[in-house]
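Since the structure of chain V is provided, determine the placement of chain U on it from the hints.
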Amino acid sequence: MNLDDLMEVWRAQDASPLHGVNERLVRLSLQQDEAKLQRSRRWWRWFTYVLTAWVVASMARRLAFMINRDDDLLSGWDYAIPLVGIAASLLWVRLVYVRGQAQAAREQRFGDSLRDQINRQLAQLECAASTSRVAGLLGFLLLPIVSAFTIILASWRINGRSFSDPWLSVPIVFMICWSILCVGGTLWWTRRVMQRKTLPRKRRLEALLKELDGQ
Amino acid sequence: MRGSERDRIFGDWLASHKGILFKVVHAYAFEHADRQDLFQEVILQVWHSVDAFRGESSVPTWLYRVALNTAIAWTRKEGRHQRGKQPLEVVEGLLSTSSSAATDPRVEWLYGQIAQLKDVDRSVALLMLDGFSYKEIAAIVGITESNVGVKINRIKSALSGKRAEEAES
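So the sequences go chain by chain: V and U. Number 215 marks the last residue of the first sequence (this note's numbering); no jumps. Number 1169 marks the last residue of the second sequence (this note's numbering); no jumps.
Calculated from the structure, these hints are not laboratory results. Warning: the hint list may mix true and false statements.
Under 7 angstroms between C-beta atoms, here's a sample of chain V residues computed to sit facing chain U [claimed, not checked]:
id, residue
1, Leu-3
2, Asp-4
3, Met-7
4, Val-9
5, Gln-13
6, Arg-45
7, Thr-48
8, Val-96
9, Leu-114
10, Asp-116
11, Leu-209
12, Glu-211
13, Leu-212
Each pair of labels, with its calculated beta carbon distance range [said to hold, decoys possible]:
id, chain 1, residue 1, chain 2, residue 2, range
14, U, Ile-1009, V, Phe-174, 20 to 30 angstroms
15, V, Met-7, U, Phe-1030, 18 to 28 angstroms
16, U, Lys-1118, V, Arg-11, 39 to 49 angstroms
17, U, Lys-1156, V, Glu-126, 29 to 39 angstroms
18, U, Ile-1009, V, Thr-186, 42 to 52 angstroms
Footprint (simulated), chain V over chain U, 3 or more residues, beta carbon under 8 angstroms [claimed, not checked]:
id, region
19, 1014 to 1022
20, 1040 to 1052
21, 1106 to 1116
22, 1129 to 1142
Here a beta-carbon is modelled for each residue, glycine too, at the ideal position from N, C-alpha and C.
Bound conformation, chain V alone (with noise of 0.2 angstroms):
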């Protein structure tokens, strides 16, 4: 039997498949998994809507009163504080933008082939891995961090409190152990997906392409 005769066996398998498919459960199936990107979709988009509109409502809440307050006590640095922690919570907000953006444009520029599949995922990982490198999680965290800070010391001003009051130090030692942990845990965090899953699968992919090139 030579190499035709098997592509004919081969091509037998069209007029009867191996298999029969259920389509009702295929359609449960395309209907769960399209519900279940929507629903994550949705989250996601109302998470970072409602924490950025509770702080930029708090932070103008805190500045109308100070506004309302007109007292001797608040000076130009107070009011800078809430116009901060707004500014910071916003350019937050284009920042997860802009970032989503520009990876689906990178994305797009690849076609369908295998070999630019390989290339789409490897530009997935290219961006989870920069954005577990040091400079990009410090100015992903930085800005909610800042926010964090800003919702504090306005609060303390607007309570009349002054800067060299010394139980100022205790929120703000707390917010900035907090911060570090928060830092210093995300950072072990994706550092550990990076060894163990990122950057395997990265090597894998490579071989993957080199394999394509016949190497």
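Using the frame of chain V, we list chain U on its own:
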């Protein structure tokens, strides 16, 4: 594209070309549970790809492209056997064994030989067996036509050699 339109196209594709999906699933997954898992993954990707289909290639070419990309990503993905992401009865019931399934031992033999190839060569072998041209294979896999030629020659001589070896013994 409207949901009903996408449903209709997907239904047509599944009815006319499910053989392509089975071939890819059989070439890349070997256990029953893995085949169910990969088939589900392929079906989902085909469903999501309906919107992206512009008619620039034929439907079988498109389906091969989507299915092969999915299968190779599936084999490379860590923790691919994540059972329980769908209810078990859905995962288990998606594919049913046909009564006339795999009765021809030559088909089984071919799958056995394909399974021994590297991931990319496996794709090339499937496309070659289904009669795709070098040009089409090059476009689907993303390599040059001359590279396709080299790979096909290698696969053909491996298959013929194995066949002759088995005939002698």
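Hint check: 7 angstroms Cβ-Cβ cutoff, Gln-13(V) to chain U
6 angstroms, holds
Per the hint of 18 to 28 angstroms, is the separation of the Cβ atoms of Met-7(V) and Phe-1030(U) within bounds?
22 angstroms, holds
Do three or more residues of the region 1106 to 1116 of chain U come closer than 8 angstroms to chain V, measuring C-beta to C-beta?
holds (count 3)
When the nearest CB of chain U is found for Glu-211(V), is that gap smaller than 7 angstroms?
At about 5 angstroms, which falls below the 7 angstroms cut-off, the nearest Cβ of chain U leaves the hint on Glu-211(V) intact, so it holds.
If you count the residues of the region 1129 to 1142 of chain U with a beta-carbon closer than 8 angstroms to a beta-carbon of chain V, do you get 3 or more?
This one holds; 7 residues, not fewer than the three required, reach chain V with a Cβ under 8 angstroms.
Just to be sure I understand the hint, the distance between the Cβ atoms of Ile-1009(U) and Thr-186(V) should be within 42 to 52 angstroms; is that true here?
Since Ile-1009(U) and Thr-186(V) have Cβ atoms about 43 angstroms apart, the given range 42 to 52 angstroms holds.
Holds or violated: the region 1040 to 1052 of chain U covered by chain V, criterion of 3 or more residues with Cβ-Cβ distance under 8 angstroms?
holds (count 5)
Does Thr-48(V) hold up as a contact with chain U if the rule is Cβ-Cβ below 7 angstroms?
24 angstroms, violated
Would you check whether Asp-116(V) satisfies its interface hint, that is, whether its CB is within less than 7 angstroms of any CB in chain U?
At about 6 angstroms, which falls below the 7 angstroms cut-off, the nearest Cβ of chain U leaves the hint on Asp-116(V) intact, so it holds.
Val-9(V) as an interface hint toward chain U, with CB separation required under 7 angstroms:
It holds, given that the least Cβ distance between Val-9(V) and chain U is near 5 angstroms, below 7 angstroms.
Satisfaction of the Leu-212(V) interface hint, Cβ to chain U closer than 7 angstroms
Holds, about 5 angstroms.
Let's test the interface hint: is any C-beta of chain U closer than 7 angstroms to that of Leu-3(V)?
6 angstroms, holds
In this structure, the hints that do not hold are numbers 2, 6, 7, 8, 11, 14 and 16, in rising order.
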